[in-house]
Amino acid sequence: MAISREDVEYVAALARLELTEQETQEYTEQLNSILDYAAMLEQLDTDNVRPTAHAVPLHNVLRKDQVNESIPREKALRNAPDADEGFFRVPKIV
Amino acid sequence: MSVVEKSVSELHELLVHRDVSSTELTKAYIDRIHSADPDLQAYLTILEDQALAQAAEFDRKIAQGEDIGTLGGIPMALKDNMCTEGVRTSCASKMLDNFIPPYNATVTDRLRAAGTILLGKLNMDEFAMGSSTENSNFAKTRNPWNLECVPGGSSGGSAVSVAADEAAFTLGSDTGGSIRQPAAFCGVVGMKPTYGAVSRFGLVAYASSLDQIGPLTKTVRDNALVMNAIAGHDLKDSTSVPYEKPDYTKFLVNDIKGLKIGIPREYYGEGIDSDVAKGIQAGIQTLIDLGAEVEECSLPHTEYAIPSYYLIATAEASSNLARYDGVRYGYRAEAADVLGMFKTTRAKGFGPEVKRRIMLGTYALSSGYYDAYYLKAQKVRTLIKQDFDKAFEKYDVLLSPTAPTPAFKFGEKSANPLAMYLSDVTTVPVNLAGIPAISIPAGFVNGLPIGMQLMGKAFAEGTLYRIAYTFEQNTNYHTLKPNLGEVLARGNR
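Which chain is which? The protein sequence lines are S and Z, in order. If you're matching positions, the first sequence starts at 1 in our numbering and goes up one per residue. If you're matching positions, the second sequence starts at 95 in our numbering and goes up one per residue.
If you're looking for bench data, these hints aren't it; they were derived computationally from the structure. Just so we're clear, the structure is a prediction, and the values are computed from it rather than from any experiment. Incorrect hints may appear among the rest.
Computed cross-link-like contacts, SDA-like style, restricted to lysine to any residue with a CA-CA straight-line distance of at most 20 Å [what the hints assert, rightly or not]: (1) S:Lys92 <-> S:Lys75; (2) Z:Lys354 <-> Z:Phe486; (3) Z:Lys479 <-> S:Asn48; (4) Z:Lys479 <-> S:Lys92; (5) Z:Lys372 <-> Z:Tyr571; (6) Z:Lys442 <-> S:Gln22; (7) Z:Lys442 <-> Z:Gly462; (8) Z:Lys479 <-> Z:Val335; (9) S:Lys75 <-> Z:Gly180; (10) Z:Lys507 <-> S:Glu23; (11) S:Lys75 <-> Z:Val421; (12) S:Lys92 <-> Z:Tyr425; (13) S:Lys92 <-> Z:Ala427; (14) Z:Lys188 <-> S:Arg16.
Stretch-level coverage of chain S by chain Z, calculated; a stretch enters the list once three of its residues show a Cβ under 8 Å from a Cβ in chain Z [as the list claims (entries may be wrong)]: (15) 49 to 63; (16) 78 to 92.
In this text, a Cβ means the ideal position worked out from N, Cα and C, and glycines have one as well.
Based on the sequences and whatever the hints tell you, model everything.
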């Protein structure tokens, strides 16, 4: 078993996902089956292989530092579940 | 022949000669959607009023003698992960059920500038995660060739609406096969362009180093016409590549003499349906008869593509989908404190496959496992890319089945995530390497279409179009249509 039930609970906390008892159980089994399969990568010697993050390498894509039009605040807030006086409202943090 | 069955290039001729107006055309497609979609469920949003208004505006322009371009007045539709200002863009997720983008994706803008008419938004696997469109939170899209079968995915709605004449063309997105596999399952042409050829600005991100937008069409010519409109550098996407965009229709010549085609033997291994393999073999013979030089070759790391892909894609997804926290847009579940709000929002807003991928990706990126999984997968990605580089020293294109099987039945793979992932074996290597690939209709197995995949060098879409066009001109698979008699009769009742 590559991954335990405790691992699944820990990862769910990292991912900010509240899992039900049934989901925790299911994901433990399914992630194990997927990771068992992924273990075949260990067969390959990759000590001298550089990782590829992007297939087409691009470096330092910059544009001129000029002010462009942006989405107005009112429009940006239109999809907010809760907004007030130009701000996003969230439950109390402290 | 009903007007909705025609290709984009045929419709263009009708519009130019005023044999049909865009309003008439748009009405015909809307009628078709109303009849076919109760069964097929390709659309999540139908924009009847907006489409007719856009068509009327176009008809005024053409009456005034304005140049209409090659796509002007043509009704089309977009996968529901491409942002459309003022029109719901849901990604087939409860999380974005009420999301109305305040801006357009670059492809939306470019197609609008080309004068096309937006008919609506199309069903998909939630956040483009899936291979059957069964992961949609809202609709069950059916394959028009057999209503018991899935349309493929994740761009299931995009493929079905083209196959069933509910749109003249559509756009899909392809992270691991999501344009090509549904195109194959539904018997249409689907192009996954080179990474960076089409702007991703306004495409809701799944796995940013793999995602690419492309056209699904009835013919190869139509595909090249749509690529002409959507491809090209975009300052709003920092991964967009500044390259000399050709006129893709220039490559549409009925001649492939002397082109070298490699057949990677690893794509015919375990899991490939023998009838599919036979069908593709017949297609290869057609290309040989037309003058192509065909040879078997090897991409030795192919079997490692699936684990490499699913680790990289899910890692990127876990990061991309962190933005859905119930604060700025989308669904929010109420809770007493902010952490509880995040966790409950994400628990209730995401479906099971999306959560599974977030979990796998978070694990692959987490401290202690990063090197073993994510970094390892990226190194294997290099090996897979090198396989292609080496093959392309010798061959102009590589050829394979698009998918190991024809369309499968609903529920057949949805209980076992790994079985579903393995069905992507022929498509994911292309995304890892960032190269272009096209799926074209190449025959039938048990009454279901199969697709032939052509893979090319980066930015060599033109060569793919040339071979695809030649194949199409010398076969009749693309002219065959699903029998929609009963579907339409039920819809019209």
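Here's how the hints hold up against the structure:
1. S:Lys92 <-> S:Lys75: 25 Å, violated
2. Z:Lys354 <-> Z:Phe486: 10 Å, holds
3. Z:Lys479 <-> S:Asn48: 15 Å, holds
4. Z:Lys479 <-> S:Lys92: 49 Å, violated
5. Z:Lys372 <-> Z:Tyr571: 15 Å, holds
6. Z:Lys442 <-> S:Gln22: Status holds; Cα separation ~15 Å.
7. Z:Lys442 <-> Z:Gly462: 29 Å, violated
8. Z:Lys479 <-> Z:Val335: Roughly 18 Å between the alpha carbons, so the hint for Z:Lys479 and Z:Val335 holds.
9. S:Lys75 <-> Z:Gly180: Holds - the C-alpha atoms of Z:Gly180 and S:Lys75 are around 11 Å apart, at most 20 Å.
10. Z:Lys507 <-> S:Glu23: The given pair, whose Cα atoms are some 19 Å apart, holds under the 20 Å limit.
11. S:Lys75 <-> Z:Val421: 15 Å, holds
12. S:Lys92 <-> Z:Tyr425: Roughly 18 Å between the alpha carbons, so the hint for S:Lys92 and Z:Tyr425 holds.
13. S:Lys92 <-> Z:Ala427: 14 Å, holds
14. Z:Lys188 <-> S:Arg16: 17 Å, holds
15. 49 to 63: holds (count 11)
16. 78 to 92: Contact hint for the segment 78 to 92 of chain S vs chain Z: holds, 9 residues under 8 Å.
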